[in-house]
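S.K.: Protein chains in written order, with the UniProt record's numbering: chain P, 1 to 289; chain S, 1 to 464.
Just so you know, the hints here were simulated from the structure itself, not pulled from any lab data.
The reader is advised that the hints may include incorrect statements.
As a list, the in silico EDC-like pairs of lysine to aspartate or glutamate whose alpha-carbon atoms are at most 16 Å apart [unchecked claim]:
no., chain 1, residue 1, chain 2, residue 2
1, P, K109, S, E125
2, S, K255, S, E350
3, P, K49, S, E306
4, P, K196, P, D180
5, S, K26, S, E139
6, S, K192, S, D202
If you only want the chain S side, here are some residues facing chain P, beta carbon under 8 Å, derived [stated by the list, open to error]:
no., residue
7, L280
8, A294
9, L335
10, I424
Values in this document were obtained by computation on a predicted structure and should not be read as measured data.
Quick reminder that beta carbons are idealized off the backbone N, C-alpha and C, glycines included.
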Amino acid sequence: MKKKTSVTVRQFVSNSIVHVFLSVLGLVWVLPIFFVILTSFRKEGGTYKSYILPRGYTLDNYKNLFSQTNSLTFSRWFTNTLIVAIFTCLLSAFFVLSVSYAMSRLRFKLRKKYMRIAMILGMFPGFMSMIAVYYILKGLGFLEAGPLKLVALVMVYSGGAGLGFYIAKGFFDTIPKTIDEAAFIDGATKWDVFCKITIPLSKPIIAITLLTSFMGPWIDYIFAKVILGQDRKYYTIAIGLWSMLEKEFIEYYYTQFFAGCVLISIPIAIIFLITQRFYVEGVSGAVKG
Amino acid sequence: MAYKKQNKSQINTPIYDVGFKTAFGKGNKITKLSFVIFGLGNLLHKQILRGLLMLSLEIAYFYYMISFGFSSIKNFITLGSSVQEEVFNETKQIYEYVKGDNSMLCLLYGVITAILTVGIILLLETSVKSAYDTQKRLELSKQIPAFRDDLDSLLENNLHKTLLFMPVIGILCFTIVPLVFMILIAFTSYDKNHQPPGNLFDWVGFDNFVAMFSKGSTLANTFWPVLGWTVIWAISATFTCYILGMLLAMLINRKGTRLKAFWRFLFVTSVAVPQFVSLLTMRTIFNANGPFNAILRNIGILGSTESIPFFTDPTLAKITIIIINIWIGVPFTMLTTTGILQNIPKDLYEAAKVDGANAFVTFFKITLPYMLFVTTPTLITTFVGNINNFNVIYLLSGGGPQSLEFYYAGKTDLLVTWLYKLTITNKDYNIGSIIGIIVFVILATLSLLTYRHSGSYKDEEAFQ
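Isolated chain P, as found in the complex:
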């Protein structure tokens, strides 16, 4: 009897330690997020303060973001990014799904070779080719006007999409081949099978392909910076927010920067929380074979 109580006491102690430890860790992980949210409501302008909690709260930071008098136009950046993101996600989802289906279901001579080349190309640092891309776009005349730059951005984001077929291919691989065969016996062509059987069965993977490629333009910094250059009006969100922290702007835009961060983070966080299940499956699923 005595021994039993000592075991429960020990368990209680270790459980308490674990919970305290987790709370401390949780605090470390959540505090920066609170800092962002608090600063976004801070009334006092300027940059760094000698205290942490704001002295006053206001919604002006959010309002100012959308006022047109600013030289930095947040709402403009938002629309730019949204447009680029929509076209990018449609185009690259189309590319990814076509390539994945071809790699998963069709057997042709260059298949293995294509997969190997895709793997090799994936190993070069992504933006090593950026300079050349920049000059190709310039040569084609895409960098002359702002709106064309956004078109160029869409092309750059979705151009390489055909190389990222691994997750979708893995998904197609798991759809039983017998379904396809049944359709072939009924006289369906491979195209019919792709459109009428595989695609309807792959809604989750289509959703994740769409969402991941939709998120790309919101997060990318490098390509947008190189292609858009100094054309502030056509900035996307990521470089726009970054430019708020530049020396000439930081004094005035510091709190607005955080307001912008909060606004951007909310939709992206929601998308992430929806799709996280697939990320996990993608990681653990890749090794099942």
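Could you slot chain S onto chain P? The hints should help.
M.R.: Just chain S, lined up with the frame of chain P:
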């Protein structure tokens, strides 16, 4: 109906799917002539459209070559000879610029012409093979596919061509051509002193590589420390996040832990925030006057003007970056490993318990080996991702603190951020290109060593 469809799909499969050599060697005169006049074999045997298509592509190619291609190849070899000059115009009494060659464009057009030429060689093979196929069909008096059948086959046996056409064009334009171009630049003198159109650059062979690796040069003195830090960074970033994330997941998975979903959610929120937001936030938090130093001042650990140089002291900057990366990476590992951890057979742990193993031993003898076995491919991808981890370094420290001994690199610069600085800021394209090639070599060796051993590579069809 079903039978008919089946039959139709057979029409297009080449009955003699032979290589180019046999097709050319065994083919009759017409087939051999198809080597010169594309599509001849098809044109003469009622496959008019197919033949015309090939022929017109050939004509288009030669038109391109004569009007533009040959001169672009010549320019590709010389990389331009006439420099842009200022010439005095007597009649107008002003200086005028005379347009010279642009080495950069010469190189680019050269690459494009080369790729088109590869395309035409492939077309040539297709032409001969297709002619041979038609020839054989005639000899065996089998049905010759009409153009309609060709089109139909694009949705059937040749569906891969339809599906891959657009993506491959995209990859060609935005990945392959730029990549070949950048690799070639490693062998030229395209740096900030040779900027077209004002100046021309030229082929220099392996000079850049020699400069990069020769002892004592500034470049070599920059390269080795940067490479060293890149490797240290990649190893520590990968393993700290991996081990700590796993421990966190185990802590939450523990039998006694309450509110599991709540803890998970707490940590996952930080992953859900876009990376550039959390990185820029971290940068302000650890700024010399940022909130973290402010707290320390308020508590009284630091004097009112003192600050900890999180990003300005070289060693401290490296440590700060790795720690911030733990903040960013650990929840992600936790998220991905939770499921796998739950799959570890329970009896293993029970057996260990019976044998009197403590928590420490169980972790290193059971959990870690099991996890390593399952997640090695992911670990490799993460490692590769960390070597190329531009965002964390660039957005946190910007590679700083700057160092005078280094060639335009800071103390925390990775190879990739150095590459970025060299090309975007300093326009030393040739050196940047070499770094890209080196990164590629490192990654390629790594991946080849590991992917080849992974089950998913060997056993691709296991699922189907």
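S.K.: Next, verify each hint and record whether it holds.
M.R.: Do the hints match the structure? See the list:
1. K109/P with E125/S: holds (15 Å)
2. K255/S with E350/S: Holds - the C-alpha atoms of E350/S and K255/S are around 14 Å apart, at most 16 Å.
3. K49/P with E306/S: Given pair K49/P, E306/S holds - Cα atoms ~14 Å apart, limit 16 Å.
4. K196/P with D180/P: Holds, at about 10 Å.
5. K26/S with E139/S: holds (13 Å)
6. K192/S with D202/S: Within the cut-off at roughly 13 Å; holds.
7. L280: holds (6 Å)
8. A294: holds (5 Å)
9. L335: holds (6 Å)
10. I424: Holds: closest Cβ of chain P sits about 7 Å from I424/S, inside 8 Å.
Hint violations for this structure: none, all hints satisfied.
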